[in-house]
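Produce the complete structure using the sequences and hints provided.
Sequence order for the protein chains is A and B.
Its first residue numbered 1, the first sequence is counted upward by one per residue in my numbering.
Its first residue numbered 1, the second sequence is counted upward by one per residue in my numbering.
For the record, the hints were derived by calculation from the structure and aren't laboratory data.
Incorrect hints may have been included.
Stated by the list, open to error - Derived lysine to aspartate or glutamate pairs resembling EDC-like cross-links, with alpha carbons at most 16 Å apart:
| # | chain 1 | residue 1 | chain 2 | residue 2 |
| --- | --- | --- | --- | --- |
| 1 | A | 103 | A | 158 |
| 2 | A | 380 | A | 344 |
| 3 | A | 145 | A | 170 |
| 4 | A | 268 | A | 301 |
| 5 | B | 223 | A | 142 |
| 6 | A | 145 | A | 193 |
| 7 | A | 136 | B | 244 |
| 8 | A | 268 | A | 309 |
| 9 | A | 136 | B | 59 |
| 10 | A | 103 | A | 142 |
| 11 | B | 223 | A | 283 |
| 12 | A | 372 | A | 283 |
What the hints assert, rightly or not - If you want the footprint, here are the derived chain B segments under chain A, 3+ residues with CB under 8 Å:
| # | stretch |
| --- | --- |
| 13 | 18 to 24 |
| 14 | 106 to 113 |
| 15 | 155 to 164 |
| 16 | 176 to 183 |
| 17 | 208 to 217 |
| 18 | 223 to 234 |
Glycine is no exception: its CB is placed at the ideal position from the N, C-alpha and C atoms.
Next come the chains, spelled out residue by residue.
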Amino acid sequence: MKLKKYAPFGLYLSLVALLVSGSIYFVQRRLTFPLEISLGVGLVGLVFYVLFDTKRAPRAVIGDRARHRNDTIISTLAIIGILAIMNYLANKTLLRWDLTQNKNNTLSDQSVQVIQSLTDSVQARAFYSQNIPDEKARTLLENYKFHSRGKFDYQFIDPVTNPIAAKEADVTRDGTIVLAMGNRIEHVTSPSEQELTSALIRLTNPGKRTIYFLTGHGESIPQDQEGLYSQLRQNLLSKNYALDTLNLLDQPDIPSTATEVVILNPLKPLTGSEVSALSAYLDSGGALILLSEPPAVTNSDPITDQLWEYLSTDWGIDCENNILIDPNSAPPLMVISQPLGYSEHPITAEMSNMVAVFPTAHSLAIDTSLQKVDITELAKTSASTWGETDVTGLRNQQMKPDAETDQNGPLTIAIAAQNLSTGARLVVIGDADFANDEYFQAFGNSDLITKAIDWAAKQDNLINLNTEPDITRVLIPPTQSVFLLIVLIVTILLPVSVIMIGIIVSLRRGKSG
Amino acid sequence: MHNAWTIARREYRLYFISPIAYVVSALFLLILGIIFVSQLDIYLRFYHPVYQPTVPDIDIFIGPLISILLFVTPAITMRSVSEEKKNGTIELLLTAPVRDWEVILGKWVGTFLFALTLLGMTLIYPLILNRLLDPGIDWGALIAAYSGLILLVATMLAFGVAVSSFFSNQIVTYFATLSILLFFWLFGIFLQSTSSSSFEALRYLSFPPHIVTSFLRGFITLKDVVYFLSMTFLALLIGKTSLEMRRWRE
Numbered sequence: 001m002k003l004k005k006y007a008p009f010g011l012y013l014s015l016v017a018l019l020v021s022g023s024i025y026f027v028q029r030r031l032t033f034p035l036e037i038s039l040g041v042g043l044v045g046l047v048f049y050v051l052f053d054t055k056r057a058p059r060a061v062i063g064d065r066a067r068h069r070n071d072t073i074i075s076t077l078a079i080i081g082i083l084a085i086m087n088y089l090a091n092k093t094l095l096r097w098d099l100t101q102n103k104n105n106t107l108s109d110q111s112v113q114v115i116q117s118l119t120d121s122v123q124a125r126a127f128y129s130q131n132i133p134d135e136k137a138r139t140l141l142e143n144y145k146f147h148s149r150g151k152f153d154y155q156f157i158d159p160v161t162n163p164i165a166a167k168e169a170d171v172t173r174d175g176t177i178v179l180a181m182g183n184r185i186e187h188v189t190s191p192s193e194q195e196l197t198s199a200l201i202r203l204t205n206p207g208k209r210t211i212y213f214l215t216g217h218g219e220s221i222p223q224d225q226e227g228l229y230s231q232l233r234q235n236l237l238s239k240n241y242a243l244d245t246l247n248l249l250d251q252p253d254i255p256s257t258a259t260e261v262v263i264l265n266p267l268k269p270l271t272g273s274e275v276s277a278l279s280a281y282l283d284s285g286g287a288l289i290l291l292s293e294p295p296a297v298t299n300s301d302p303i304t305d306q307l308w309e310y311l312s313t314d315w316g317i318d319c320e321n322n323i324l325i326d327p328n329s330a331p332p333l334m335v336i337s338q339p340l341g342y343s344e345h346p347i348t349a350e351m352s353n354m355v356a357v358f359p360t361a362h363s364l365a366i367d368t369s370l371q372k373v374d375i376t377e378l379a380k381t382s383a384s385t386w387g388e389t390d391v392t393g394l395r396n397q398q399m400k401p402d403a404e405t406d407q408n409g410p411l412t413i414a415i416a417a418q419n420l421s422t423g424a425r426l427v428v429i430g431d432a433d434f435a436n437d438e439y440f441q442a443f444g445n446s447d448l449i450t451k452a453i454d455w456a457a458k459q460d461n462l463i464n465l466n467t468e469p470d471i472t473r474v475l476i477p478p479t480q481s482v483f484l485l486i487v488l489i490v491t492i493l494l495p496v497s498v499i500m501i502g503i504i505v506s507l508r509r510g511k512s513g
Numbered sequence: 001m002h003n004a005w006t007i008a009r010r011e012y013r014l015y016f017i018s019p020i021a022y023v024v025s026a027l028f029l030l031i032l033g034i035i036f037v038s039q040l041d042i043y044l045r046f047y048h049p050v051y052q053p054t055v056p057d058i059d060i061f062i063g064p065l066i067s068i069l070l071f072v073t074p075a076i077t078m079r080s081v082s083e084e085k086k087n088g089t090i091e092l093l094l095t096a097p098v099r100d101w102e103v104i105l106g107k108w109v110g111t112f113l114f115a116l117t118l119l120g121m122t123l124i125y126p127l128i129l130n131r132l133l134d135p136g137i138d139w140g141a142l143i144a145a146y147s148g149l150i151l152l153v154a155t156m157l158a159f160g161v162a163v164s165s166f167f168s169n170q171i172v173t174y175f176a177t178l179s180i181l182l183f184f185w186l187f188g189i190f191l192q193s194t195s196s197s198s199f200e201a202l203r204y205l206s207f208p209p210h211i212v213t214s215f216l217r218g219f220i221t222l223k224d225v226v227y228f229l230s231m232t233f234l235a236l237l238i239g240k241t242s243l244e245m246r247r248w249r250e
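Laid out in structure tokens, this is it:
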């Protein structure tokens, strides 16, 4: 029979299929469709061999040479089995050694506790295009997965090649990690252990967090329509904040459900009763964000404004009646914060190399003598910026610093403060436009406003992690001649040396031979 | 075991007699050197302590090193058993009082020692990087990365020796080994982006998940060490079985 010569292939096919079956079962540990197919192929191969090689098939089982072969096959299969069991057991253990200097791959005990106490599975989707490095995020997510006992998994999605997935997840910024637990989601925009663990805590404790936007004085309210603050609104909603409006003229007290109150560009001053309500709210440990345009733009006077008076006396923060001018910026009214001017603060911690831009801003002054308040100047302008007080001259395009009346930079443009006795938090930024739809995505603007809101709402640091401090490495650029020497060594000297050694060895062998 | 060590020493010495080994080593260092200085040049051009503070680390040569090793390891192993078969000396070796596994183990240890010599020469790159960074490179991460590289190379060489035991033609051996190594590497990369559980087994068997997400990130995981040792052992077992199969046909 012609088919007889093909019979051994049936046996080989059968052996390979059984090997694959064993591997599939080893990993999946259940009867899946691929396993069924693999077993089926193994069986068909065996039947093929037995049917078409009726003489050799029995000899394959009995006879001296066959016995020797069978011994080898059995011992090989036994060894494969032992290896499979060893791999299975090794996979069950969490033994690993982090050799990095910074312990980059070791989560703090607190994070491990959070990840291991997850009640439901968490799926992380990291939206990273090829334009930004994803190494740090990958390492972190892998660490969370490692410790999660199967409760945490992740995948990377390129928002450029898959914009639909990014849109569905409400991702507006490259480098966002979306954590999902059931129907609840949390967005993380900077991949750090602190951020991820805090987001996991928020996911597992979905208490309602409401941000009230004050109304009644011409304030801007984040709305769905484009052109206002729709991107800020979308961002806050994606962080599971509930947004609502608050009219203190209509309702004298701030609701107890308020996580924080935001005053976004008031055009008219607040009344005494409204300021009293805010003061009482802050005294009870509340949080306030104030984004104000220059008084010259809103035609207001900070000296008579009761809100500024309260901020000055109780918080040591003063509004300076000027418009910031940066002659190096285009247009000069667009002030740029200096990356080196950021203070060490949770709000600006991840903005070390990112500027923020502020169109039509005013500067702020601080009084550090108040012992109950911990004040941080978050962002400063460049040294070339000055605070123009002559608004009339400005309207006539006369932009020159007046040494007597105008302050020279660097000037403070954003401040964060915390009352040490009540725990109340306050963020004041001398510009409101920087967070609108036109500028929200510009440089670090979205980071600054969202981190400020998170910090004020005490959502930034839900857990104190004992992590190793980062080691910052600095490149010491070599001189031209040193770089040339490096090029010479690694591209010429090293390969040529190997060839030379080869030639010498050959010559010596030639002589001795 | 003594026989295996004797074969290993002979095998290692043979590399330093063969001109091909020197040419392969020189090409290996030349290509890696060009990639290293090119990468370094890019970092030096764009580096800024505030605006672009990313500094070069060992990744700039470890990634390319793995890619080059995928092509170099088949060249190292292609002659190990194939040459003995081609010259007919394998028969002498197999009739000598040496066990089959000692032949395979000796051949593998010989190639492994040569590969370690090559890897040793690549340590010049981290040493240069260390001089250019303040406070130097992360030596722990380097140790982890090289541990992974050594285990990966050990496995790849074991596959090479196993394949060479099937063929007497060195070119065929080279391309057969290269195909297997590329298969084990590339399908791992391809499957990393798929989430289907049907491919879990294949994903587990591939190289990348066992080195990219552990050793190259600075940590050593027991499961990955066991994986590489198992794959090495399995490949050597295949090589040994291949030699035994010659006896079955006799």
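Hint-by-hint comparison with the structure:
1. A:103 - A:158: 28 Å, violated
2. A:380 - A:344: 13 Å, holds
3. A:145 - A:170: 24 Å, violated
4. A:268 - A:301: 10 Å, holds
5. B:223 - A:142: 15 Å, holds
6. A:145 - A:193: 13 Å, holds
7. A:136 - B:244: Roughly 49 Å between the alpha carbons, so the hint for residue 136 of chain A and residue 244 of chain B is violated.
8. A:268 - A:309: Holds, at about 15 Å.
9. A:136 - B:59: 13 Å, holds
10. A:103 - A:142: 14 Å, holds
11. B:223 - A:283: It is violated: about 55 Å lies between the C-alpha atoms, which goes past 16 Å.
12. A:372 - A:283: 12 Å, holds
13. 18 to 24: holds (count 4)
14. 106 to 113: violated (count 0)
15. 155 to 164: Result for this restraint: violated, n = 0.
16. 176 to 183: Violated, because only 0 residues of the stretch 176 to 183 of chain B bring their Cβ atoms closer than 8 Å to Cβ atoms of chain A.
17. 208 to 217: holds (count 3)
18. 223 to 234: holds (count 7)
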